[in-house]
Every structure is written in C-alpha cells, then in structure tokens.
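Novice: Chain residues, written in single-letter form:
2 protein chains.
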Amino acid sequence: MPREITAFSNPLIKRMRRLRDKRHRRTEALFLAEGLRILTEAREAGHLPQYLFFTAGSADHMLVEALVAATEAAGGDAIQTNADILSKLSGKDNPGAVVGIYQELPTGLPRLDRGAADIWLVAERLRDPGNLGTILRTADAVGAGGLILVDDCADPFSVEAVRASMGALFTVPIARASRDEFIAWLRQGPGQLVGLSLDTDHDYRDPAYTAPVFLLTGNEAQGMPQEFADECDLLVKIPMHGKADSLNAAIATAVMAYTVLDRLPRR
Amino acid sequence: MPREITAFSNPLIKRMRRLRDKRHRRTEALFLAEGLRILTEAREAGHLPQYLFFTAGSADHMLVEALVAATEAAGGDAIQTNADILSKLSGKDNPGAVVGIYQELPTGLPRLDRGAADIWLVAERLRDPGNLGTILRTADAVGAGGLILVDDCADPFSVEAVRASMGALFTVPIARASRDEFIAWLRQGPGQLVGLSLDTDHDYRDPAYTAPVFLLTGNEAQGMPQEFADECDLLVKIPMHGKADSLNAAIATAVMAYTVLDRLPRR
Chain A
1 MPREITAFSN PLIKRMRRLR DKRHRRTEAL FLAEGLRILT EAREAGHLPQ
51 YLFFTAGSAD HMLVEALVAA TEAAGGDAIQ TNADILSKLS GKDNPGAVVG
101 IYQELPTGLP RLDRGAADIW LVAERLRDPG NLGTILRTAD AVGAGGLILV
151 DDCADPFSVE AVRASMGALF TVPIARASRD EFIAWLRQGP GQLVGLSLDT
201 DHDYRDPAYT APVFLLTGNE AQGMPQEFAD ECDLLVKIPM HGKADSLNAA
251 IATAVMAYTV LDRLPRR
Chain B
1 MPREITAFSN PLIKRMRRLR DKRHRRTEAL FLAEGLRILT EAREAGHLPQ
51 YLFFTAGSAD HMLVEALVAA TEAAGGDAIQ TNADILSKLS GKDNPGAVVG
101 IYQELPTGLP RLDRGAADIW LVAERLRDPG NLGTILRTAD AVGAGGLILV
151 DDCADPFSVE AVRASMGALF TVPIARASRD EFIAWLRQGP GQLVGLSLDT
201 DHDYRDPAYT APVFLLTGNE AQGMPQEFAD ECDLLVKIPM HGKADSLNAA
251 IATAVMAYTV LDRLPRR
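Sequences listed follow chains A and B, in order.
Per the UniProt record's numbering, residue 1 is the first one in the first sequence, and the count goes up by one each step.
Per the UniProt record's numbering, residue 1 is the first one in the second sequence, and the count goes up by one each step.
So that you can see chain A by itself, here it is in the shape it has in the complex (with noise of 0.2 Å):
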C-alpha cells in the first residue's frame, strides 16, 4: 500500500529535493525523472523507480496505478503526495503526475557490444544538459547503439538531460570514458570515428561509411581539440548557407546520424 507524505519537512523530501545536485546525486547513486511519459517507458524498458511520488489525484490514471503496482511489486517505495512536493522535488512548476527516483544506471565503456548496432553517438565535452538528452533522443530514433560521453561531458542523469531524453536515458546505454579509453577501446574492433569538424573542406554526403560508425560531436564552444581530431579515421563538415559558423551541438548530430543511416546498406 502507498504510504502518504505532505510535509516539505519530511526527510525523505529533502534527501529527494538534494537530487537536483549532482554531488548528491553521485553519493546517492540515484537520480530523478518526473512525467508519466518518461517514467511509463522507463518501466517499458524494464526500469522501475526506488521511489515513486505521485499525486492523490493521478492515482486513478490507469498508467499511474500501473506505476504503482509495478514500483511496489518490485520492492520500491510508493508514495502518494501533493502537486507542491512534486514542484518542488522537480523543481518545475508544473511537474505532471509523478516523479520517480532511480537508481543511477552503468556507463561502463567495456560493457559495450559495438556488434549490437550500425551507428554509436559520441560526444565530448559536451556542456548543456540539455542537448545531451536531445542526442539521447536523437541516438534512440536512430537506432544508435549507445552514447558514448567522452572527458567531461554534462551530468546525463540531471533533471534537465532526463527530461530532454523524453525517456531514452532508460533504452539508450551511456558509457563514460576518457579520450585514451575510449580510443583505446574503440582501436580494439572495427569502427569508423567520423568527426564533425568545421576545419574540413569534407561534405558529410560525400564519403563512404562503414559500420559501425562512431560519430563524433565535440564541444559546444570549442569542437573537439585537434588531437582528437588528429584520431578521427574521417572528418567531414555541414555545409553552411548563413551568417553564422556552426549549428547547435544536438542539431549537427541528428543531420549527420540520419544521413550516415541513409547511406549505410541496411542490414
């Protein structure tokens, strides 16, 4: 049976609402997601929360009894609360039905099967929480086999990614690693690490992939330094018809992953 909190004193709220800090969310090992979207196809994906928040007036929603009974099935806690402790444990105004809190999932680089898929999406440096659940997005719509988060990338289980993920933090594996790791590892099988590159004269339609691609997309500011360029088995180039330099980060990837996906033979 869900137990019932209503008070921003309560411990459990506060521990919860220290989530938002990614110090906290590293010592805990957990993080949150709010919407009953994004935590519907957690559960799909076979990710229940440790802890489940929703609100008196959901619970008759079918998809929030089937939340529910699935958290407390598998051992977690639910809790019926208030649209305000939600707000606030989200910190949005307006939070939906539900939040869950889950625990923090692998990003080990070697559990990786690089065989398992055509195209891999590999970002360093990358800044914005938010465009890292746009790729993440992007990475489940095209199939990628993973996210690979190279050097010091934003956190991906911030409230910001996870909510630009629309659920696909929960189906797209994220690995961590240093650039040594990663080349490293990448050098150990076949792959062709393809750089998004402004210093190139190289048409991104022009060459011949072969999967499986790795496709890099490096800092928002600064792209990628020239050693990792230096790495890269291609680099190629959007073309741009403005005034303006560079797309955004999440933009340039999901051009060049849909394109590298046209012209691979489909398997």
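Treat the hints as calculated values from the structure; they're not laboratory data.
Note that the structure is predicted; figures quoted are calculated from it, not measured.
Among the hints, erroneous ones may be present.
A pair holds if it fits inside one copy or across any two, identical chains being indistinguishable in the list.
Said to hold, decoys possible - Heads up, simulated BS3-like pairs for lysine-lysine below, C-alpha to C-alpha not over 30 Å straight-line:
| no. | residue 1 | residue 2 |
| --- | --- | --- |
| 1 | Lys92 | Lys22 |
| 2 | Lys22 | Lys243 |
| 3 | Lys88 | Lys14 |
| 4 | Lys92 | Lys14 |
| 5 | Lys92 | Lys243 |
Knowing the structure of chain A, use the given hints to seat chain B on it.
Specialist: Only chain B this time, still in chain A's reference frame:
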C-alpha cells in the same frame, strides 16, 4: 561618452529588467540580447541596440569598443555597469560582457519575398522558446528565407529564444500569422507546403521537392491539427528506429531541412 549606472534601484535598470516579461516586451516593443558574439552578429547584420550595457572591465575589448562606438553613433545609449547588474538584466549567472536592448523587429507576413529563397521554415504552436531559437539558428544555416510562426508560438523575442538562436534572430526574417492568414498568403504564389507528420507512410527521403519549399513543423506534443495537415501538399515522416515515437521538434526540422536542401536542384 558612455554614462555609468551601478545601482540596482536605477529606474532604467528596473525598466529593462522587466523586459524578461512578455507583457512588458510587448508594451515597450523592446527585447534583450546578451553576449558579445550575438551582439556582434547583430551589428554585422545592421542592428544596433537602443541601450548597450557593458562592464567596466570589458570596455577595452576591441569588439566591445566597436559596439559602444557604433551604438553611440547611431544615437543609442551606451551604459557602463557591473557584472551583477548584467546578471540581473539577463537573468543568467554568467551573462558575458554585454547586454543589448533592441527595438522589436518587424514580423509581418506580407513583407516576405518567397522568391528570395528555396526553403522556408514554418512552425505551428511551437511552445518551447529554446526550440524556437534553435530552429532560427538552423534556418540561418540552411539559407532559409525566414521562419513563419503560425498561431500561438513561443515569443521569438524572449531571452531564451534569442540565446538559442545565437544571433540568427537578427539575420533570419520572422513572420507571425494565424493559420488562415498563412494559408491565404501561401496560395497567392508558388510554394510546396511539406508537413512533418507521424501519421503518414511517406518517407522524407522519397518525394520530389519543388522550390520554394515551406517546411511545416507542428506543436511539440500534439503535432499539427488535421485541418492543417489537410492543407499540406505533402506529408512526410522521418523513420524512427528506436522505442520513442518522435524526435525533438527542432531536430526533426533540421533533419528535414538539410534533406530538402540536398534534394533540391542547386540554383
């Protein structure tokens, strides 16, 4: 000569701060942009601020100097201030060296010249200002003639939209119209209205696109209403290979726009 303001209580600061509110932007017909890169892009496109706020420490920077000189030459007001006030104006912890207050740009539909470009972007009830700004940035990159905002969209002059546009707000013409106004205008001349939809079997890579293409993206959560879909000359779909059923609206727009650009004959 620039004057100096360092008091939060200064009436001009108070008034400019209110521009973060949509109602005040409308009343004043002014909006706020921040950061040296965006303000410089604006200047190069011929737009100078009515008020330019800069920090004392940045005044030696060549680009800040150039902005101050150009603003004053054009009859604008250059105001030296401190980082705290810049933060307060932009609502950002780290606002960069400059904040500019600009007169709202024209958004009339009839002034657009459809012959000026092969591709135009159209967004319907787009709610997220970050998506709107990102779509503007993409519009610039693909050389689109402009962005047409149909019905109740996010405000293109909000700080978030201006920020995400990375200056494209100043280089890409924007129009606002109701659906009826837009359709009436569109049908006065050539133009292929291509709608992004989840409810069609037509792959986005298959059709013969004919310039000028008007690429229509619907609301983030609901897509476009059936009546708008019925007006389209073509409905196309970007294939989804994962668990989720849709892409982020700005991502889908960009993937489509680059594909249309690739398929159209070069002029």
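Novice: Going through the numbered hints above, which ones does this structure break? Give me the numbers in ascending order.
Specialist: none
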